[in-house]
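Model the full structure from these sequences, guided by the hints.
Residues per chain, in single letters:
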Amino acid sequence: MIPSRYRIGRRVEETVDTVTFALTPVDRPLPEPAPGQFHMLYAFGVGEVPISVSGRLSHTVHEHTLRAVGAVTKALHAALAGTILGVRGPFGRGWMPPPPGSDLIIVAGGIGLAPLRPVIQHAVASRGRYGRVTVVIGARSPADLLYVREYPRWEASGIAVRSTVDAAGTNWQGNVGVVTTLLPGLVDDPAATVAMLCGPEVMMRFAARALMDQGAPPGAVQVSLERNMRCGIGECGHCQLGPLLVCRDGPVTGYDLAQPLLSVKEL
Amino acid sequence: MTSVRELLGDYPFLDELPQPWLDRLADLGHRVSYPTGLRLFNEGDHAEHFWLINSGSVGLDLHVPGRGHVLIDTIHSGSVLGWSWLFPPYRWHFGAVAARQVHAIQFSGVKVMALCREDPSGGMDLMRRFMGVVVDRLQATRIRLLDLYGYQS
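Top line first, the protein sequences correspond to chains A and B.
Residues in the first sequence are numbered consecutively from 1, following the numbering used here.
Residues in the second sequence are numbered consecutively from 1001, following the numbering used here.
Just so you know, these hints were derived from the structure itself, not from any lab.
Treat each hint with caution, since some may be false.
Said to hold, decoys possible - Taking lysine to any residue and the SDA-like style, the derived pairs with C-alpha atoms no more than 25 angstroms apart in a straight line are: (1) A:K265 - B:L1145; (2) B:K1111 - B:S1055; (3) A:K74 - B:K1111; (4) A:K265 - A:Q240; (5) A:K265 - B:T1141.
As the list claims (entries may be wrong) - Partial chain B-side listing against chain A, Cβ under 10 angstroms, derived: (6) A1026; (7) D1073; (8) W1085; (9) Q1139.
All C-beta atoms in this analysis are idealised placements derived from N, C-alpha and C, irrespective of residue type, glycine included.
Have a look at this one:
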């Protein structure tokens, strides 16, 4: 439960309110996180928040992408390179590795692309390991899309990248509309399809339904849940979702498990 | 070159439409192409046609004072563009511009409506299909009203 000290290294302003920074260990490094796991980042004197790992630069240097929303994330967003943070983790269960040969469908909304970026980076590096790989990204506006500079590299590896926004000016060459409008026809072989979804819960519900309508089994649709994670080790109970403690049993789980829980009001 | 009749058989919108109706629609439709950036129609213009998009995509837009044209939706290949020809006052509520080069089949709304009146049973079938398109876009619009990617309050 005692944070390790990490120093902010490279820092990239993704959008007006979202930043990606690399963290380098000052103390003994924490265990290497798996894609989909999260760290508790501590802005000293302000507080601690759960932030997904959004990239890997080496065994010990990892990236996090966060949006300035509350007091702690605003403090982290404002922190400059060289700032020391406290880090605990990695926590939770990450994305379940897809079997070789699978078709991957990755659906992200807003900041939800951050925990999926390590999966995409893995798919780029191991492109021959999978069949068709499609990344579908939704955002509020073109200016809110994350990692845009990386899309050409993803596409060059043979990954289909489709983005859509809620509204845009006429200089926008991409799509406008909800992410579900880009999902028809993506499930080619339901038995060989693995889908990974992260974003607003409503978006994940509609996207999961759209994929299941095409035959994808609920268990093959993985979702990353977001709840009020505090301790990270399943002790405090703040992140309880029915029988799950999301910090320990999630944040990634199969939609077969999540679906009945997400449909319960106020759960 | 693939005939209009053959192309119609590939549209999910017309899936399982009786063959005689596909034949009649094929007689009324003709191929059109629009290069990227070409405007198909403007908000407020008389709405006379609809299109089945074969390839490319069409952006629907609206002119907002101070912001210029704002894109509000994308119509993808395989989809239907245009339903304002169905209802008074028969004017487009939005503008449409080819976002990526469009190949489509264009139909005269007046002629298709006349066909529906000649054969009300088939016309009902076609109207239900248009209703499905309207409902799908309404549901998508409702989801966007939630501003899902905005801040949670």
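Q. Taking each numbered hint in turn, which are not upheld by the structure, reported in ascending numerical order?
A. 3, 6, 8
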